[in-house]
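Visitor: Sequence:
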Amino acid sequence: MALSSAAEQHVASAWEGIVPVLEKYISIPNVSIAFDPEWAEHGHMQRAVELVRDWCRSRAIEGATIDVNEIDGRTPVIVVEVPATGGGPADDTVVLYGHLDKQPEMHGWRDGLGPWTPVIDGDRLYGRGGADDGYAAFASLAAIEAVRAGGGAHARCVMLIEASEESGSPDLPAHVEALSDRIGTPSLVVCLDSGCIDYDRMWLTTSLRGIVNLTLSVDVVREGLHSGESGMIPSTFRIARALLSRVEDEATGRVLLDTCDVAVPDDRVAEAEATAKEIGTIADRYPFVDGAQPMTPDGAEQLLARTWRAALSVIGADGLPPTAVAGNVLRPNTTLGLSLRTPPTANAADVVAELRERLLSGPPYGAHVEINRVEAESGWNAPPLAAWLVPALEEASVVAFGQPTRMYGAGGTIPFMAMLGERFPDAQFVITGVLGPDANAHGPNEYLHLPTVRKITLAIAELLNAHARQ
0 MALSSAAEQH
10 VASAWEGIVP
20 VLEKYISIPN
30 VSIAFDPEWA
40 EHGHMQRAVE
50 LVRDWCRSRA
60 IEGATIDVNE
70 IDGRTPVIVV
80 EVPATGGGPA
90 DDTVVLYGHL
100 DKQPEMHGWR
110 DGLGPWTPVI
120 DGDRLYGRGG
130 ADDGYAAFAS
140 LAAIEAVRAG
150 GGAHARCVML
160 IEASEESGSP
170 DLPAHVEALS
180 DRIGTPSLVV
190 CLDSGCIDYD
200 RMWLTTSLRG
210 IVNLTLSVDV
220 VREGLHSGES
230 GMIPSTFRIA
240 RALLSRVEDE
250 ATGRVLLDTC
260 DVAVPDDRVA
270 EAEATAKEIG
280 TIADRYPFVD
290 GAQPMTPDGA
300 EQLLARTWRA
310 ALSVIGADGL
320 PPTAVAGNVL
330 RPNTTLGLSL
340 RTPPTANAAD
350 VVAELRERLL
360 SGPPYGAHVE
370 INRVEAESGW
380 NAPPLAAWLV
390 PALEEASVVA
400 FGQPTRMYGA
410 GGTIPFMAML
420 GERFPDAQFV
430 ITGVLGPDAN
440 AHGPNEYLHL
450 PTVRKITLAI
460 AELLNAHARQ
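Counting in numbering that gives the first Met the number 0, the final residue of the sequence shown is number 469, and the numbers go up one at a time with none missing.
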């Protein structure tokens, strides 16, 4: 049974007040701890936590408790507990998850835009962190409010908003352990940190890739030398390139690691084929330069390539001077930042072990090769949907968007999902979000699509009501 029209009215009204607060949040440069090791001293994360906490405390939800869980040396977690209402089960729990730390600024923002300058342009709110994932706390609590306004029911809800997700959630396990009694054993986990293929419906994320980040450093000589010595002394860049060829076929992009060679489940292949049949080729939605093309023209294979195949990216480099001031010098060192997206069912620890073996054994010319700053998280593949959840998702999407829900895999990583999947194997997971193909999370011109965030909020309210009444 759907909520009354009062739920939609409440969502619309709530978001009118949320947007100005979200703009204040965007203006805070609270980059994640991997990018700001002195985050505690700088105080930006604390400002963001206090902003979100204070907004939560301003909401008139009977019986709700809002506090911040602190652990020495770790980023905090905002915890909101809301008792069941409308006859919803008090002995059952729904966990709603989001994060408020951000990726770094990134270059290339459009004129008039910037990472810490919120700008509303039409239906879009630009700025770093609005869509990934600052909106989640506001949308989650507003959805709970909408259930109550619409005469519905929900189970006991626990909202967790962490502050280290963009660094791989290193602080979250300690908080989950410390909060285990308050979290309980949830039957439903709702995560608003994912994306969507379009803004026409609610998209359910059914899988997430894992990730291994590291730096690969190659040294040959102790100091820079005149490039006239090249040909005798090997280039550290060429050695690094040769080492990468042990991991990736540079002609095709195929990752050569045995630990990443996993079978794609039949249901995920069928899901990709059905989605491609409906939307066409997803690559058409991305900003390719003139003449450039995706690695495969097939729509289903594009979806599988970005969700179930491993892929290697060089995301940074040290030892390379800007070209405008680069002298004719044989550089002594090349250090590359590598990001390897791994299949959802690959084990991150096994991937790291194989990477070490491939990159460190028998280095060319006896070069000194090191691997540092290793961060690894396994991916996640959703369990089968419960019988009640299938029609509940359909109805929630139809009520909010006018179209039924669709499913697809996401190419990113949300470490919390794998962690909770292991801890609560019987829970159902609803992972969704507002990040369309051009919303550009982590990159320049990130934006939040305001009509979609309102619809997602209403859809989650409908889902909470359906969960309580199953």
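FYI, nobody ran anything at the bench for these hints, they're computed from the structure.
One or more hints might be untrue.
[What the hints assert, rightly or not] What follows is a set of in silico ranges between Cβ atoms, one per label pair, in the way DEER data are often shown:
1. L319 x E249: 15 to 23 Å
2. N346 x D71: 24 to 32 Å
3. H225 x D71: 32 to 40 Å
4. G279 x N346: 16 to 24 Å
5. E356 x A291: 32 to 40 Å
6. T251 x D425: 38 to 46 Å
7. E104 x A250: 28 to 36 Å
8. G111 x Y198: 19 to 27 Å
9. G230 x G279: 19 to 27 Å
10. D317 x S229: 16 to 24 Å
11. S338 x E393: 33 to 41 Å
12. Y364 x H225: 15 to 23 Å
13. D120 x Y364: 50 to 58 Å
[Unchecked claim] Derived pair list, reagent style SDA-like, types lysine to any residue, alpha-carbon separation capped at 20 Å:
14. K276 x Y198
15. K276 x D266
16. K23 x D90
17. K23 x R58
18. K276 x M294
19. K276 x Q402
20. K23 x L50
21. K23 x Q8
22. K276 x H41
23. K276 x G435
24. K23 x H41
Backbone N, C-alpha and C fix where the C-beta goes; we use that ideal spot for every residue, glycine too.
Visitor: Now, for every hint given, state plainly whether the structure supports it.
Guide: These are the hints, each one checked on the structure:
1. A hinted range of 15 to 23 Å holds for the C-beta pair L319 and E249, which are about 19 Å apart.
2. Judged by the Cβ atoms, the range 24 to 32 Å given for N346 and D71 holds: they are separated by roughly 31 Å.
3. For the hinted restraint 32 to 40 Å between H225 and D71, the CB-CB distance of approximately 52 Å leaves it violated.
4. As the Cβ distance of G279 to N346 is approximately 34 Å, the hint placing it in 16 to 24 Å is violated.
5. Here the CB-CB span from E356 to A291 is close to 34 Å, well matched to the stated 32 to 40 Å.
6. Take T251 and D425: their Cβ atoms lie about 40 Å apart, and the range 38 to 46 Å holds.
7. For E104 and A250, the hinted distance range of 28 to 36 Å is satisfied, since their beta carbons lie about 34 Å from each other.
8. At roughly 23 Å, the beta-carbon separation of G111 and Y198 lies within the given 19 to 27 Å, and the hint holds.
9. The supplied range of 19 to 27 Å is broken by G230 and G279, whose beta-carbon atoms lie about 51 Å from each other.
10. Separated by about 20 Å at the C-beta atoms, D317 and S229 satisfy the suggested range of 16 to 24 Å.
11. Remark: the range hint 33 to 41 Å for S338 to E393 is upheld by a beta-carbon distance near 36 Å.
12. Evaluation of the 15 to 23 Å hint for Y364 and H225 yields a pass: the beta carbon distance comes to about 19 Å.
13. A C-beta distance of roughly 53 Å is found between D120 and Y364, which places it inside the suggested range of 50 to 58 Å.
14. The straight-line distance between the Cα atoms of K276 and Y198 is roughly 17 Å, inside the 20 Å bound, and the hint therefore holds.
15. Distance hint between K276 and D266 is fulfilled; the C-alpha atoms sit about 15 Å from each other, no more than 20 Å.
16. Simply put, K23 and D90 have alpha-carbon atoms about 37 Å apart, too far for the 20 Å limit, and the pair is violated.
17. With a C-alpha separation of about 18 Å, the suggested pair K23 and R58 falls inside the 20 Å cut-off, and the hint holds.
18. Between K276 and M294 the alpha-carbon distance is near 19 Å, which keeps this suggested pair within the 20 Å criterion.
19. With a C-alpha separation of about 16 Å, the suggested pair K276 and Q402 falls inside the 20 Å cut-off, and the hint holds.
20. Restraint check: the Cα-Cα separation between K23 and L50 comes to about 8 Å, which is no more than 20 Å; the hinted pair holds.
21. The straight-line distance between the Cα atoms of K23 and Q8 is roughly 24 Å, outside the 20 Å bound, and the hint therefore fails.
22. Restraint check: the Cα-Cα separation between K276 and H41 comes to about 49 Å, which exceeds 20 Å; the hinted pair is violated.
23. With a C-alpha separation of about 18 Å, the suggested pair K276 and G435 falls inside the 20 Å cut-off, and the hint holds.
24. Distance hint between K23 and H41 is fulfilled; the C-alpha atoms sit about 17 Å from each other, no more than 20 Å.
Comparing the model with each earlier hint shows violations of hints 3, 4, 9, 16, 21 and 22; every other hint is respected.
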